[in-house]
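S.K.: Each chain, written out:
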Amino acid sequence: MTPASTDKAASEPAATAAGTPTSDEPMLLQRAQDGDLEAFDELVRRYQERVYGTIYHMTSNHEDAADLAQETFVKAWSALKGFKGNSSFFTWVYRIAVNKTLNFLKSRKNKRHMSLNDFDAAGENDPLLVALISDKTPRREAALSELKEKLNAALMKLSEDHRLVVTLHDIQGLPHDKIAEIMDCNPGTVRSRLFYARQELQAWLSDYVK
Amino acid sequence: MDPAPENFEKLQKLLALKRHEQPPPGFFARFPSQVRARIEGPHREQPTSWWHRLAESLDARPMLAGAYGLAVGGILLLGVNLLVKPEPAPGFANQPQAGKEAVPPLTLSNAGILLASTNLPPPPSNGSPPGFLVNPGTGDDRTQRQMMPASLTNR
Chain V
1 MTPASTDKAA SEPAATAAGT PTSDEPMLLQ RAQDGDLEAF DELVRRYQER
51 VYGTIYHMTS NHEDAADLAQ ETFVKAWSAL KGFKGNSSFF TWVYRIAVNK
101 TLNFLKSRKN KRHMSLNDFD AAGENDPLLV ALISDKTPRR EAALSELKEK
151 LNAALMKLSE DHRLVVTLHD IQGLPHDKIA EIMDCNPGTV RSRLFYARQE
201 LQAWLSDYVK
Chain D
1 MDPAPENFEK LQKLLALKRH EQPPPGFFAR FPSQVRARIE GPHREQPTSW
51 WHRLAESLDA RPMLAGAYGL AVGGILLLGV NLLVKPEPAP GFANQPQAGK
101 EAVPPLTLSN AGILLASTNL PPPPSNGSPP GFLVNPGTGD DRTQRQMMPA
151 SLTNR
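Chain order of the listed sequences is V and D. Read in order, the letters of the first sequence correspond to residues 1 to 210 in the working numbering. Read in order, the letters of the second sequence correspond to residues 1 to 155 in the working numbering.
Here chain D stands alone, though its shape is the one from the complex (with noise of 0.2 Å):
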């Protein structure tokens, strides 16, 4: 819809007046001389890197500079999602997939089961921490000397 007609004759006479405006004399014969000493001088600026050149190519054509915006943004948006994928839902959870075997969450229950697999003392039954963890230094130092490295506790 274009805006009610308004009476702004007065106004465009005045800035037309400024089509009167020029230059220094002389500065359109030279212009196109000056123009060309650029085109062909050995201090031409050049694009520096690829992003300077991407900008230089896409000057004059700002549909094409929004399409490779709105690329970008998609291309982003999409690897973000890719990574900050949503939670599973509980009830799928714990759901074995066809074909591979289930892995049971580690609860307290069987955590002693896999600590009994290994060669680190059982968590005492109070379900503290191990008094080296606490206190270092002064803790039961046959289960420092087990985490230690053979080459070192044979000394």
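Isolated chain V, as found in the complex (with noise of 0.2 Å):
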């Protein structure tokens, strides 16, 4: 397991709330659009979790995602000048990520397996999680481990498009039109993909479910 608490305090001030941006964000994106590099460092503190953590969802390897979400910013921060503000840098990078994870998966060959072995240990005690462990087998460490692995196996049996609205919205907590913003689509788009790809996952999670 993997506290969480330092990466935080490094990270502050966290990602807004669904991608809302703070008083100041005009301000740092006007200085980075001049090419202050300080000033991009605070816009890519604030949503490097975000932006990770999607692509985490998608490709289940750390390695990937760090790469990939590296290769998100210094391409925002060369395509910068061109940003005219149309949507909220939030979104914009969103959209980055989410296309390079995109490409990335297409051009993957072989699909990896998940190395999700870090749930935190707020994750762990989660009354949920204790309670859906133990209700099922006395072995809770063995029953942990099974069920990130059918979770997350699971994930990866959906469709890219169904993966990534559940990333986004049961996972990330995205908003429903943030989420079509986003995949370039319309709400009901998104409503229905979800609505779907639950259908799906609650099938294949019956057991813990139920």
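In short, the hints are calculated from the structure, not lab data. Take the hints with a grain of salt, since some may be wrong.
Which residues of chain V face chain D? A partial, calculated answer using Cβ under 7 Å [said to hold, decoys possible]: (1) Phe73; (2) Leu102; (3) Leu105.
For lysine to aspartate or glutamate, the following DMTMM-like pairs were computed, each having C-alpha atoms within a straight-line distance of at most 25 Å [unchecked claim]: (4) D:Lys10 x V:Glu149; (5) D:Lys13 x V:Glu141; (6) V:Lys100 x V:Asp184; (7) D:Lys10 x V:Asp207; (8) D:Lys10 x V:Glu160; (9) V:Lys75 x D:Glu40; (10) V:Lys81 x D:Glu40; (11) D:Lys13 x V:Asp177; (12) D:Lys10 x V:Asp161; (13) V:Lys148 x V:Asp207; (14) V:Lys210 x D:Glu9; (15) V:Lys106 x V:Glu200; (16) D:Lys13 x V:Asp24; (17) D:Lys13 x V:Glu42; (18) V:Lys148 x D:Glu9.
Have a look at the derived ranges for each label pair, beta carbon to beta carbon [stated by the list, open to error]: (19) V:Lys81 x D:Lys85: 41 to 49 Å; (20) D:Pro25 x V:Ala79: 55 to 63 Å; (21) D:Ala29 x V:Asn103: 27 to 35 Å; (22) D:Pro24 x V:Glu160: 23 to 31 Å; (23) D:Gly74 x V:Glu38: 44 to 52 Å; (24) D:Leu78 x V:Ser206: 51 to 59 Å; (25) D:Leu78 x V:Ser192: 34 to 42 Å; (26) V:Pro187 x D:Trp50: 35 to 43 Å; (27) D:Leu76 x V:Ala79: 48 to 56 Å; (28) V:Gln30 x D:Pro25: 40 to 48 Å; (29) D:Gly26 x V:Ala203: 35 to 43 Å; (30) D:Leu83 x V:Gln33: 24 to 32 Å.
Note that beta-carbon positions come from the ideal geometry of N, C-alpha and C, so glycine has one too.
Hey, can you piece these two chains together into the complex? The hints should help.
M.R.: The structure is reproduced here in structure tokens:
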């Protein structure tokens, strides 16, 4: 398990809720567009967790996620002068991340298995998790490991579009309209994809969600 | 139309557990400097060709990429249409255009007139090809000489 407290401090102020820009963001953006790397660093700190998290849940591999997240911000820096502010910086960066991830997944020949071994301490003691596991078997550690594997395997079985909406909505907590903006589709499509993705997941994880 | 509501509460709680998954300790503390190193580093990947640069510039603009795709597709279709023009209707094939001299179509009857205007011998009346074409080397030597360049026939 990896306590995230040290990283939380490093990434303060934390990413804004659902990507709502803070009042100083336009100023930071302007400075970054003028070539100020310190200002861009601040923007990276604000959104790195969300960008990394999205890519990680899509790829299920830390190394790939780290690399793609870096590429996302490098790309954002090089394209920053062309950013006109038609959407928020958050949406724009997310779009770069999502496109990079989808391209990566398409090009990845051999799908590697998950290395999701890092529920943090809070996650392991989550009441739902404890209840789910203790109800099923006394061998808690083995059951925890099995749950993680099944959850991740089920997610990886989803199509990329379905996995993306589940990741952005159910894991990252973004609202439908924001996801629609990121995925360049309408909110109805997002709702529909989410519904069918959840149905599939519910069937695959029926042992845990009865 | 939205899909029918269904109870996904437990599933959502299960999925929310994934929020607790974290990268190795210190990852986010190091991340901005790693990004910066890639931005400033000498080994920063540069797009090598115009194609890579175009792909890079379209990376964050799927609508623009789609528009480019449509435009290129349209130009290609237009090009193909111009190259493969449909055959004119039979009724219009022999009609002379205004201001232009009509060119009669080549038929067996006027092929002889065309040949007569050259130095070549007329075709045999039975319609068979000249012997030298059927059996090269055994045919009419005079015909072959007529078709040879002067520098070779004067030897």
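S.K.: All the hints need checking, so say for each whether the structure fits it.
M.R.: Here is what the structure says about each hint:
1. Phe73: Hint on V:Phe73: holds, closest Cβ of chain D at ~5 Å, below 7 Å.
2. Leu102: This interface hint is violated because 10 Å lies over the 7 Å limit.
3. Leu105: Since the shortest Cβ distance to chain D is 15 Å, the answer is violated.
4. D:Lys10 x V:Glu149: Answer holds: D:Lys10 to V:Glu149 is near 17 Å, not above 25 Å.
5. D:Lys13 x V:Glu141: 20 Å, holds
6. V:Lys100 x V:Asp184: Between V:Lys100 and V:Asp184 the Cα gap is close to 15 Å, so the pair holds against 25 Å.
7. D:Lys10 x V:Asp207: Status holds; Cα separation ~11 Å.
8. D:Lys10 x V:Glu160: Measuring from Cα to Cα gives roughly 22 Å; hence the hint holds.
9. V:Lys75 x D:Glu40: Measuring from Cα to Cα gives roughly 13 Å; hence the hint holds.
10. V:Lys81 x D:Glu40: Between V:Lys81 and D:Glu40 the Cα gap is close to 17 Å, so the pair holds against 25 Å.
11. D:Lys13 x V:Asp177: 22 Å, holds
12. D:Lys10 x V:Asp161: 22 Å, holds
13. V:Lys148 x V:Asp207: 13 Å, holds
14. V:Lys210 x D:Glu9: The hint holds at about 11 Å.
15. V:Lys106 x V:Glu200: Distance of about 21 Å is within 25 Å: holds.
16. D:Lys13 x V:Asp24: 34 Å, violated
17. D:Lys13 x V:Glu42: 32 Å, violated
18. V:Lys148 x D:Glu9: Roughly 18 Å separates the two Cα atoms, so the pair holds.
19. V:Lys81 x D:Lys85: 41 to 49 Å: 46 Å, holds
20. D:Pro25 x V:Ala79: 55 to 63 Å: 31 Å, violated
21. D:Ala29 x V:Asn103: 27 to 35 Å: Once the Cβ atoms are compared, 28 Å apart, the range 27 to 35 Å for V:Asn103 and D:Ala29 holds.
22. D:Pro24 x V:Glu160: 23 to 31 Å: 26 Å Cβ-Cβ, so the 23 to 31 Å window holds.
23. D:Gly74 x V:Glu38: 44 to 52 Å: 46 Å, holds
24. D:Leu78 x V:Ser206: 51 to 59 Å: Holds - the Cβ-Cβ distance for D:Leu78 and V:Ser206, about 55 Å, lies within 51 to 59 Å.
25. D:Leu78 x V:Ser192: 34 to 42 Å: Holds, at about 37 Å.
26. V:Pro187 x D:Trp50: 35 to 43 Å: Since V:Pro187 and D:Trp50 have Cβ atoms about 37 Å apart, the given range 35 to 43 Å holds.
27. D:Leu76 x V:Ala79: 48 to 56 Å: 28 Å, violated
28. V:Gln30 x D:Pro25: 40 to 48 Å: 34 Å, violated
29. D:Gly26 x V:Ala203: 35 to 43 Å: At roughly 39 Å between Cβ atoms, V:Ala203 and D:Gly26 fall inside 35 to 43 Å, so the hint holds.
30. D:Leu83 x V:Gln33: 24 to 32 Å: About 46 Å separates the Cβ atoms of D:Leu83 and V:Gln33, which means 24 to 32 Å is violated.
Checked against the numbered hints above, the structure violates hints 2, 3, 16, 17, 20, 27, 28, 30; every other hint is satisfied.
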